[in-house]
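Protein chains: 2
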Amino acid sequence: MINFQTSPDQYKHWKLNVTGPVATLTMDVQEDVTLAEGYKLKLNSYDLGVDIELADAVQRLRFEHPQVKAVVITSLKPRIFCAGANIYMLGTSSHTFKVNFCKFTNETRCAIEDDSHHSGRRYIAALNGTASGGGYELAIACDEIYLVDDGNSAISLPEVPLLGVLPGTGGLTRLVDKRKVRRDRADVFSTLAEGLKGKRAKEWGLIDDYFPTSKFQESIDARVRELANSNGDKESVGGIKLHPLQKELKPSGVEYRYLSLVLMCEHRLEVLTVLGSEAGLPTAPAEIQQLGDSYWPLQAFRELDDALLHLRVNEPEIGLVCVRTWGNGDDVLTVDKTLAANKEHWLVREILLHMARVLRRLDLTAKSFFAIIEPGSCFAGNLLELLLASDRSYMLNDTQAAPASVSVSTLNAGSLPMSNGLTRLQSRFLADPEKVERVLAHDGAFDAEEADEAGLITFVPDELDWEDEIRVAIEERTSLSPDALTGMEASLRFAGPETLDTKIYGRLTAWQNWIFQRPNAVGPEGALTNYGKPTQAHFDFKRT
Amino acid sequence: MINFQTSPDQYKHWKLNVTGPVATLTMDVQEDVTLAEGYKLKLNSYDLGVDIELADAVQRLRFEHPQVKAVVITSLKPRIFCAGANIYMLGTSSHTFKVNFCKFTNETRCAIEDDSHHSGRRYIAALNGTASGGGYELAIACDEIYLVDDGNSAISLPEVPLLGVLPGTGGLTRLVDKRKVRRDRADVFSTLAEGLKGKRAKEWGLIDDYFPTSKFQESIDARVRELANSNGDKESVGGIKLHPLQKELKPSGVEYRYLSLVLMCEHRLEVLTVLGSEAGLPTAPAEIQQLGDSYWPLQAFRELDDALLHLRVNEPEIGLVCVRTWGNGDDVLTVDKTLAANKEHWLVREILLHMARVLRRLDLTAKSFFAIIEPGSCFAGNLLELLLASDRSYMLNDTQAAPASVSVSTLNAGSLPMSNGLTRLQSRFLADPEKVERVLAHDGAFDAEEADEAGLITFVPDELDWEDEIRVAIEERTSLSPDALTGMEASLRFAGPETLDTKIYGRLTAWQNWIFQRPNAVGPEGALTNYGKPTQAHFDFKRT
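Those sequence lines, one after another, are chains A and B. Under this note's numbering, the first sequence has 463 at position 445, and the numbering climbs by one with no breaks. Under this note's numbering, the second sequence has 333 at position 315, and the numbering climbs by one with no breaks.
Everything labelled a hint here was simulated from the structure, so no lab data went into it. A couple of the hints might just be wrong.
When chains are identical, the list treats them as one kind, so a pair holds in a single copy or across two.
[As the list claims (entries may be wrong)] Taking lysine-lysine and the DSSO-like style, the derived pairs with C-alpha atoms no more than 30 Å apart in a straight line are:
#1 Lys-453 - Lys-265
#2 Lys-551 - Lys-217
#3 Lys-453 - Lys-198
#4 Lys-560 - Lys-265
#5 Lys-217 - Lys-453
#6 Lys-217 - Lys-95
#7 Lys-198 - Lys-220
#8 Lys-217 - Lys-198
#9 Lys-268 - Lys-560
#10 Lys-58 - Lys-560
#11 Lys-453 - Lys-220
#12 Lys-60 - Lys-33
#13 Lys-453 - Lys-196
#14 Lys-33 - Lys-196
#15 Lys-217 - Lys-265
#16 Lys-453 - Lys-355
On a predicted model such as this, the values are computed, not experimentally measured, just so you know.
Whenever a hint applies, use it, and build me the whole structure from the sequences.
What follows is the structure in structure tokens.
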């Protein structure tokens, strides 16, 4: 079982050093500390374990070190920055694992950009040696890239020429869409195994500058000082500590404090239940900061994040997740009110940005999600996003004294955007944008019929039909081809505009997944299979 | 060898009837007239041969029947409109063929929408029976969809539940992006093998209306009359005739009047040479109309279209196309001047829109394109787009009396857009939009150094290096994995915004191609393989 939780004192491959407004993240991969057997992580190449630490470090910078203005990413190894994802790890991994590995590393790089964009921390890739493949892709996720000019160090994306696959961590998209490299130059660069060195790399816009070895460190330091001095005001207060999540693994699933996963193996179904907020949580930022990572919206969404990663990687056979909530919707709405009122406070901002990232992780999870709304549910405000992110929803249309209800908060109006830049309400009502306004202006909770009328719910069976209808829906869903569902969901969830992020997960990733199955890459004579062996790749040259 | 040329008198599966401002395209597929062996085209299901006729009919409507304002697409078969792409054809086709088949059918549907959008013809899908899979996808490419309410006829996308693949002809994207169907309803519809009938289909926005059998024909007729009377002014003049292209198939390639393809098999290379316009072509629309389909920009681009389709389907082993032009750039610019000055004239408008579609076909062709610019080349104006559409360009930096040159015309400023809505110059200079203006304002032709300086050319070797540099580039390119190149080119060619069209070719198609290789679809136990057999599909339920 792969564990996504870690902390700096447990890091094997990275060192996180924070001095005032500057953090340095140094890569020093231990080649024998791997997540699986059969490969060594030479030359700062990485596997999922290395990237879990990087993701953790970026997360901690935001919560634990809010005063940091500049983050330098560099390497402790001589002459090599990072050689990218480990080829032998890829060569020996299952297709499913490869795809999930790339998805996670993509999310980590998007999280770096999210931090830069929304929290104003500048990321500097200080390439003190060669950055190839995923190494350059890590650099291109940073704001600025500086390369040492030692006559040898280069940047490269050698996946196409050497391995017959794509740079799978956003590289091609960021080349032309983020750095806006001219497409013919991007074509040359992406087919050049040896890559480019300082002068031409700068000329083509692939790096920001290059410095001779003797001046490299001082040039980076100077740039970092500049950023530390000029890059706006940051809180001088300390951050909050992110403690390990307490979770209990049971044969039937996983239990967290605010979340449980109940596995129903024979149905390839998992029931995910989120407990709503308690009443009486603090409303002032200082008190929230004192509460720290046990504050409900932070802890519940950290648990949700961990649960989603667990589902993806450790429960591949699970095809359907039924999403339930349990608690008092009004208490959830009170939390949203506090968050909305204090969204300029650094910690509240970080909590909201974190919730948004976790919800985007859900949008990008290759499982079907059905939201189940019953009496006692609390799909309100931020938790309503779980319903809106689901592929379908079923709401019991009952006549009890306390019927099921759902409700909106101002957070549904823009604080928790999808990767395509729209809110989930906007995505839902593309045909009729006025419905978004009507739903947001609705007074109080929606009962089943109101929610149906407003377009929030897929089906509202009554008590007589409820159990049968859900049972049949689950049986039908879990009988379908998991691959067809993945492709279908990736198409239907992302109506409307596309962004750099969605292009990475849509266009680029889908092509990469295709290539990751092609005999020319992974067959016995494929380039990935034969990399580093005395045998040579042989291609079927038919163009598809 | 598959031939993409046809004409109404040769149609086997469609009838094209034109009466004044109304055209009717009636589908009546002959089940035994197939492009390959091993399947029958029952229930108006289609193979590539059927779609070649549809594409031809849409093209002819634009050039031969400019007065048509409304096009009704319907079926001659009782109770069935169209059952979509033939499953047995798909099941017995190679992966490469399946992908190319879907690309062509997608282009045909986009051509329908291009006609509707730019030339104002309204397309009515008159579903006089069930439309399933590609049948509904054809309907959803039309402007309006009407379904007969006979208690039986339905619309459906049964690919996911029955075949374990996606609706591959834009269906999912058009559901949520064109008709803007709510994503949860799109999810339900796309997993419901039996589909939906009139009432709910209309409620969910999947069709525009439904009529009982007894009123169906008159309701369609009434709507068509309305369109014929109200839909703006159309030329009352007759169109021009599209004659069959004269081409000669030789062992070494194909020769057209203005274009030749020379096959260099041992290098998996094809050299495509386009001859520029003659001098002295007419400049007045009436004379152009009289010249008809032999007018250079129409004939040369029809030939290019045919050559691209030939390359895709009949020459799968060819991975690289070297693009050359030959002629007088000034004569090409004169043609562009005529086209730009008369772009409001129906025929000139159609010629320009056709050129734009052919260039988009090139953008979407899974081959590498290198433009080769030598003395005698005429990469000017509309032919400069061939250079800009290429993955790279090589221009001889010579010192002769008549050196190689390239030049721009106003057509490069917007008349020939890519699928993403940008011009190729805009796509090229995303990092520096001012360069677009500077290039367009340039006085006269660019020699190699000027073109290099302006950012138009990838490499400008001198005479000493020219042959070696091109030879090495060709050898390198053709040694790479064809799959990795396809994915790389699909990523680098489409920087910037995405549109409905690019989402279909990017996100949806890439996922479909992935699924088209998955054992769950095409393995011995896959759903596509086992469709219609007594055996049943068995899935590996791991979610990827």
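What hints, given by number in increasing order, does this structure fail?
-> 1, 2 and 15
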